[in-house]
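Listed below, chain by chain, are the residues.
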Amino acid sequence: MKLLEINQLAVSYGSIKALHGIDLELNKGEIVSLLGANGAGKSTTLRAISRMLPITSGDILYNGTSLIKCPAHDVVARGIAHVPEGRGIFPSLTVLENLKLATWTTQKSNLANLYSSVFDLFPRLAERKAQLAGTLSGGEQQMLAVGRAIMTDCQLVLLDEPSMGLSPRLCKEVFQALQEINKQGKTILLVEQNANMALKIAHRGYVLENGRIVLTGSAEELIRDPRVKEAYLGTHKHALGANTGN
Amino acid sequence: MEIIIQQLLNAAQLGAVYALIALGYTMVYGILRMINFAHGDIFMVGAFIGFLLATTVNMPLVLMMPLTMLLTAFVGIAIERVAYRKLRDANRMSLVITALGVGIFLENFVRMVVGPQTRQIPAQLPDKILTFGSGLVVTEDKLLIILISLALMTILWLFTNKTLMGTAMRAVADNADVIPLMGINLNRVIAVTFAIGSALAAAGGIFYGQAYSIDPYMGIDLGWKAFIAAVIGGIGSIEGAVLGSFMLAGVEVFTVAYLSSNLKNGIAFGLLILLLLIWPSGIMGKPMIKKV
Chain S
1 MKLLEINQLA
11 VSYGSIKALH
21 GIDLELNKGE
31 IVSLLGANGA
41 GKSTTLRAIS
51 RMLPITSGDI
61 LYNGTSLIKC
71 PAHDVVARGI
81 AHVPEGRGIF
91 PSLTVLENLK
101 LATWTTQKSN
111 LANLYSSVFD
121 LFPRLAERKA
131 QLAGTLSGGE
141 QQMLAVGRAI
151 MTDCQLVLLD
161 EPSMGLSPRL
171 CKEVFQALQE
181 INKQGKTILL
191 VEQNANMALK
201 IAHRGYVLEN
211 GRIVLTGSAE
221 ELIRDPRVKE
231 AYLGTHKHAL
241 GANTGN
Chain V
247 MEIIIQQLLN
257 AAQLGAVYAL
267 IALGYTMVYG
277 ILRMINFAHG
287 DIFMVGAFIG
297 FLLATTVNMP
307 LVLMMPLTML
317 LTAFVGIAIE
327 RVAYRKLRDA
337 NRMSLVITAL
347 GVGIFLENFV
357 RMVVGPQTRQ
367 IPAQLPDKIL
377 TFGSGLVVTE
387 DKLLIILISL
397 ALMTILWLFT
407 NKTLMGTAMR
417 AVADNADVIP
427 LMGINLNRVI
437 AVTFAIGSAL
447 AAAGGIFYGQ
457 AYSIDPYMGI
467 DLGWKAFIAA
477 VIGGIGSIEG
487 AVLGSFMLAG
497 VEVFTVAYLS
507 SNLKNGIAFG
517 LLILLLLIWP
527 SGIMGKPMIK
537 KV
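Chains as they are written, first to last, in this note's numbering: chain S, 1 to 246; chain V, 247 to 538.
Chain S extracted, bound-state conformation (with noise of 0.2 angstroms):
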């Protein structure tokens, strides 16, 4: 069943044509990998769905119906929680606050569950939980804005760069994670540069050039490609498949 799907979707920065009309779906409860180098198009995609960015042309349907004339604080609403790239925690506000304002649009019943959930999946934010966001590890903050995602009650998560500055133990410990979400039943849409990790968990994947989509699989058909292979996943030269800088 299709859960998201993006026709022909066009998106510009002024007169820079960052996405040339890119066709995208996601089914209820895969784990679809977006990939791609820098200035690929991956952030701005994922922007777009979340409708922090206007669109072009094009269309984005969510559960059939169309986003495009929902405003950014309505698309959570509707079920589908973006990770922005750099975490974006409040870092003066404590890690309970943090996680209590993602509760904005969540019934008020199912709090006590999902908190449960959280702290659940992430035992070392129920630890500090009375600490201020800013004094946590990049880790932590990675799975404080991923346990936001879960607060908003979502069907669909976006996430953007999850293992962005952390070392290969954190970066496990949260794709790890990503796969229990999973496995509870959300959708996950991941946009990666660390392609070899992004493969692993994805069941689908789809790869972006210059704003456009060029090669599209399942994670296995990703993996083997060769043109994948020279790209990203670290058997040439230049491959941009390690990404652990702090």
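Treat each hint with caution, since some may be false.
Listed next, the in silico DSBU-like pairs over lysine-lysine satisfying Cα-Cα at most 30 angstroms (straight line) [stated by the list, open to error]: (1) S/Lys-28 - S/Lys-69; (2) S/Lys-129 - V/Lys-408; (3) V/Lys-332 - S/Lys-17; (4) V/Lys-332 - S/Lys-69; (5) S/Lys-100 - V/Lys-408; (6) S/Lys-100 - V/Lys-532; (7) S/Lys-108 - V/Lys-408; (8) S/Lys-129 - V/Lys-532; (9) S/Lys-2 - S/Lys-17.
By construction, these hints were calculated from the structure, which means they are not laboratory data.
We have chain S already, so just place chain V on it with the hints.
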């Protein structure tokens, strides 16, 4: 001794009025990184709305004050909606100039409607003279002004720290771009901030008009003082605005009492320069760290 306590109460009364104005500066700065230079004039508009309600329909203070705060809140919301929203992503300088323009508009609009004369809001607070101990004399209205102001500040503190909307206001100051991703309408949070800041300024205007006098240009001088108080305390910080206001009022009142009324502003502003040399971002302000 009694004289010193009396001067302290004078300072507390003036400081309370400064604080009620300074809070609006600091809250708007906190969320928009913008100095709302029209805010002193919103304070003046509040004073005149209170004046008109009290004189034309003889509204009692218990009704007049909340209604004035409500109406002035709508003035603040309207100013943000009409003059500032479109410029939110524009150069800060455009916003500052627009704010100055809005201020001049408000001054002249009020002058046109009610005339340039100095007025006084009819005193409605009980003004019995109370005597404590061996000759400490205080009027009831002074105590009430101080107490009601402190109560309003306490409510504001509880609102910003304990409610979801208050948390959202602090979050906007942190990272406004992410607010819509939490499902929160950023425009609504900003409107609420302007509403609260304007309502508090209106309360200050009513108190000021009861204790002193009002005219269409009163917002310039008082607005600057409150702005300076907010800067001394650390602009963006609610606690800082209150602290800075009482400090500034204290310096002014004691300079007048013991040195000279001519030196009042000179000493107050000299102190500002000194304090900012020690704490460049104000006493309770956070040093600005630009994220790269």
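Proposed proximity, V/Lys-408 with S/Lys-108 (alpha carbon, max 30 angstroms):
holds (17 angstroms)
Agreement of S/Lys-100 and V/Lys-408 with the hint, judged by alpha carbon distance not exceeding 30 angstroms:
holds (11 angstroms)
Please work out if V/Lys-332 and S/Lys-69 have their alpha carbons no farther apart than 30 angstroms.
holds (20 angstroms)
S/Lys-129 paired with V/Lys-532 [C-alpha distance capped at 30 angstroms]
holds (23 angstroms)
Is the Cα-Cα distance between V/Lys-332 and S/Lys-17 30 angstroms or less?
Holds: V/Lys-332 and S/Lys-17 sit about 25 angstroms apart, inside 30 angstroms.
Does the structure keep S/Lys-2 and S/Lys-17 at a Cα separation of 30 angstroms or less?
With a Cα-Cα distance of about 28 angstroms, the restraint between S/Lys-2 and S/Lys-17 holds, given a limit of 30 angstroms.
Pair hint outcome, S/Lys-129 versus V/Lys-408 [Cα-Cα no greater than 30 angstroms]:
It holds: about 16 angstroms lies between the C-alpha atoms, which stays within 30 angstroms.
Going straight from one Cα to the other, do S/Lys-28 and S/Lys-69 come out at no more than 30 angstroms?
holds (23 angstroms)
With a cut-off of 30 angstroms on the C-alpha distance, tell me whether S/Lys-100 and V/Lys-532 pass.
Cα-Cα ~24 angstroms, so holds.
Going through the hint list in order, the structure satisfies each hint without exception.
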